[in-house]
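Participant: Each protein sequence line maps, in turn, to chains A and B. Using our numbering, the first residue of the first sequence is number 1, and each one after it goes up by one. Using our numbering, the first residue of the second sequence is number 1001, and each one after it goes up by one.
To be clear, the hints were calculated from the coordinates, so they are not data collected in a lab. Since the structure is predicted, the reported quantities are computational estimates derived from the model, not experimental observations. Yeah, the Cβ is synthetic: ideal placement off N, Cα and C, and Gly gets one too. Misleading hints may appear alongside valid ones.
To be verified - Below, simulated DSS-like cross-link-like pairs (lysine-lysine); rule was C-alpha separation at most 25 Å, straight line: (1) 1066/B - 1318/B; (2) 1184/B - 3/A; (3) 1239/B - 1255/B; (4) 1181/B - 3/A; (5) 1318/B - 1106/B.
What the hints assert, rightly or not - Some chain B residues flagged as far from chain A (calculated, every beta-carbon gap over 12 Å): (6) 1121; (7) 1139; (8) 1150; (9) 1304; (10) 1315; (11) 1325; (12) 1334; (13) 1358; (14) 1369; (15) 1378.
As a plain string of letters, each chain reads:
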Amino acid sequence: MDKSTLRYIMRRLLISIVTLFVIVFVLFLMLKLMPGTPFNDEKLTEAQRAQIYASYGLDKPVLTQFFIYVGNMLKGDFGISFAIQRNMPVAALVGPRIGISFGLGIGAVFIGTIFGLILGIVAALNRNHFWDSFATILSVIGVSIPSFVVCLLLLILLGVQFPVLPVIYNNSAPFKSAIIPMLAMSLGVIANVARFTRSEMIEVLGSEYILLAQAKGISRRRLIWMHAIRNCLIPVITVLGPIIVGLMTGSMVIEKICAIPGLGSLLVKAIEVRDYNVILAISFLYSALYIAVMLIIDVLYGIIDPRIRLGKGDA
Amino acid sequence: MKQKERILKIRNLDIAFTTDNGTVNAVRGVNLDLHRGETIAIVGESGSGKSVTTKAVMGILAGNGKIQNGSIEYTYYDFPPERIAEVQTKYNGIIPDGYPRPEERKTVDIVKSTPKFIQSEIRGRRIAMVFQDPLTSLDPTMTIGKQVMEAMRYHYKMPKQEAWNRAVELLRLVGINDPEKRMKNYPHQLSGGMRQRVVIAIALSCDPEVLICDEPTTALDVTIQAKILELIKEIQQKKDLSVIYITHDLGVVAKVADYVNVMYAGRIVEKGTINEIFYDPRHPYTWGLLASMPDMDTSGDELYTIPGTPPNLLYEVKGDAFAPRNQFALHIDEKIAPPMFRVSDSHSAATWLLAPQAPDVQMPAELKERIERMRKAANWSPEKEVSYAAELHKGPAYDDNNTDDVETMEVNA
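With the hints as extra help, turn the sequences into a complete structure.
Facilitator: And the structure:
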């Protein structure tokens, strides 16, 4: 990696930190605007409630609360849970779930991207033949059927009819339990990636530089691998970012269905009971991940596409 | 006397494309010859089939295109590697008279060859191509060096270092300054003219015998155009290349070609030496092309254009395809397509105007005037034209006869 790329990454990181700060601020304000509090128990008297607020620092002005929160956050303290596990540090509550959720997401992205790419490329190379039609049909299905429906179908098929896989998440068999949700989540990815790869590949195959490479008399395999795929990957990488992020948020329902102890289900629960600190922490995590994914994709883009590399050579 | 051995012989070539709307007969019975060291031009409007014909030679027709009929015979030398080195070191790459042994001379019909054979033996290795748009014809994600080295590495299994050195040499040959540095550059770091030089270097990388230039200067500005043409000419002489120019620009043709084939609607309508086409055109379409070429001396305020548009080849063409646009069309043009009428050994045209029974039709007065002027300037007359065919025939003994298999009709003029 050369100097200009490093400088570029540093600049992007700086912008990312500012962005995250703004996100936390907006989230903080929105949470305070939300009706209700973590302490909605009707049995509490006004005096008791005021006492609880005071003990958690919720009686202070919103801005003061915000700065206290950010100050603690910078020290690595994300506060404590108010409702889900009262007084438990948020880090301890969220920590173990990160691995489960991200493992699931990464697995789905990995499966989806690999198969999506293969399907898209094969479809483009066999245009208007069997694999092309197959890819088109699969793409339409994958895009139009929500992943939780696919998840339910898979659960009925592989969990109930032919009980080979667990229906409910089993902590002692995390990998086996993750297969169905992972497959369900990856179908959408396969569909999107395949559709996009196919159209990109068709465009690349019709380009002049492929004709020139062909005119060199190199083998078809070399033509496809060295020239066509590399060029069609560039735009595909850009759509991967939103897909990955979509998976992270989209997995909430699936986590709920399969009772997966992940971030998504925790977030849904936290919103239900107004557990401010948990909502903040998970949202912050999602935002940070989104920004990181986008940054990685931009850097990757530069590595694959020489035209993006900044301030290099004498163009 | 340089050998004028025929290396490419195309006969009755028909190429059709299947589209959703039906079959397009893009090339309809083309006959074409190319001799060693010769530069021929194929001239015509877009859609006349000139590019398609040469793509068929390279075996890179689009997926829906198919050769329906005809033959593309290509003659080449299948030297063992040590003989290639010998010819290159001893004779500077030029095959001397009588040198190739008969068993090393091979003729293949490209139409009947397998795609694998064309790919590994002919395309890029013996017949190379320069494309029209240098801005889009280089792979944007690969360095110049890799792209120039690719064909050598693939066809000759050349070690990396050797290929690198040769690529640097090639870049220098095509006039790129600081080639070592450019090898590491990506296409977007080079100007259009430089990129076209790279494309030429790629085409030359495997020491081809035939170079097909598909509108090589159309996308470049005029000053660069002249330089690129000059460069191709220079390399042609150095390497004894045979060159096919595909172009619609008669200005380019005048600068580079020895022999011209005028194509219209998938057919060659007139062929002749450069002088015969420019000073003694016979086909009304050629007249139209010449008249529509801007000229310093032309007095007219408006540039002449041929009325109408070329026919849609989705539909069968009845009679002469040019007849609807031809102010000199005869009745017979609408019924029967004209054959090639012979004007001289090297010159023939497909128009009924050359038939013995045809009325005496002269080319438009303005064009005639201009041609007279050009003839005078060049001190040319039909009688002075050296027989091109005879020149071609002067080759060594193994040269087969050149004209007998082209169907032509005698003109009793």
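Participant: Going back to the hint list, which numbers does this structure go against?
Facilitator: Of the numbered hints, 5, 6, 7, 8 do not hold.
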